[in-house]
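Under full-length UniProt numbering, think of the first position of the sequence shown as 1, with each following residue one higher.
In short, the hints are calculated from the structure, not lab data. What you are looking at is a predicted structure, and each value in this text was computed from that prediction instead of being measured. Zero decoy hints are in this set.
In silico DSBU-like cross-links for lysine-lysine, where the CA-CA straight-line distance does not exceed 35 Å:
1) K264 x K206
2) K2 x K24
3) K206 x K240
4) K26 x K249
5) K247 x K234
6) K15 x K249
7) K234 x K146
8) K247 x K26
9) K24 x K247
10) K240 x K146
11) K3 x K26
12) K264 x K15
13) K206 x K234
14) K15 x K2
15) K235 x K206
16) K24 x K3
17) K206 x K249
18) K206 x K247
19) K2 x K26
20) K249 x K3
21) K249 x K24
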Amino acid sequence: MKKRLITVNSNTIGKSIETEELLKRKLVNAGFEVSNELHPETELIVCIGGDGSFLRTVRDFDYPEIPVVGINTGHLGFFPEVMPDEIDAFIESYLNGNYIIQEVPTLQAMICTESSCWDFYALNEICVKGDMSRTVHLGLYVNNRKIENFSGDGMIICSQTGSTAYSYSAGGSIIDCNVEVMQLTPLSPINTNAYRSFTSSIIVPKDTEIRLVPEYRFEDSILIVIDGIEHRHKKISDIKIYTSDIKLKLLRLSDYEFWNRVSKKFL
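Generate coordinates for the entire structure from the input sequences, incorporating the hints supplied.
Spelled out as structure tokens, the structure:
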């Protein structure tokens with residue numbers, strides 16, 4: 001009988017490497033084949049690390065169609081489902097089918113200059129801000145309707161999945177994982193007689209197109225940060241953000257409950 005294949009990906013922190021070695025031994029003893037590479041036969045990806053490692057794994061494996069589960073060796077660990085001392089229970093639950101698959105949407109950003117356009121994807125958020133701590137000026141359009149001329153440090157556009165990440169730290173709302181929306185959270189908005197900007201988050205339906213048009217008053221200083229990765233392009237003319245058709249499959253243990261996780265991680 002052909003063995004079932006699981007792909008394991010880990011960061012390079014000592015605790016993660018120890019956990020990876022332990023997990024591999026236990027998976028092999030349970031009858032699985034284990035690889036560090038993604039194969040067509042892979043049925044599950046296990047990421048070892050924290051939230052940053054989870055996002056990096058998803059990005060490096062190009063938002064795979066197979067389920068992903070995390071083992072938390074980091075700090076907050078909102079994405080990782082399993083703690084290192086729960087590996088035996090996790091393997092037993094997986095073998096017995098005691099889990100659910102949660103499909104979460106990703107965001108897609110089309111970044112255009114005068115000569116080219118690039119597509120990027122994000123699980124958590126896309127942040128447009130001023131480089132070198134400069135104030136950024138952005139025209140905000142929602143479904144091609146002009147909403148405001150924003151001035152401030154920048155703006156975060158997140159999925160409901162990303163509402164517990166950077167957006168939450170910036171004063172955004174936590175959104176239930178079952179509500180498919182996007183949230184725009186301003187970073188230090190300026191609201192004076194000279195500049196008028198929304199000072200709180202805006203929540204829009206998942207099928208909305210958000211468009212940001214930079215206004216260059218002094219120099220080319222736009223920085224785009226996608227799930228923690230910085231992107232710089234000269235003379236950005238247009239940034240469109242919308243919900244992608246790609247959905248990531250997260251393996252959750254059968255006792256997973258979103259607001260219980262929020263309470264444990266944030267209170």
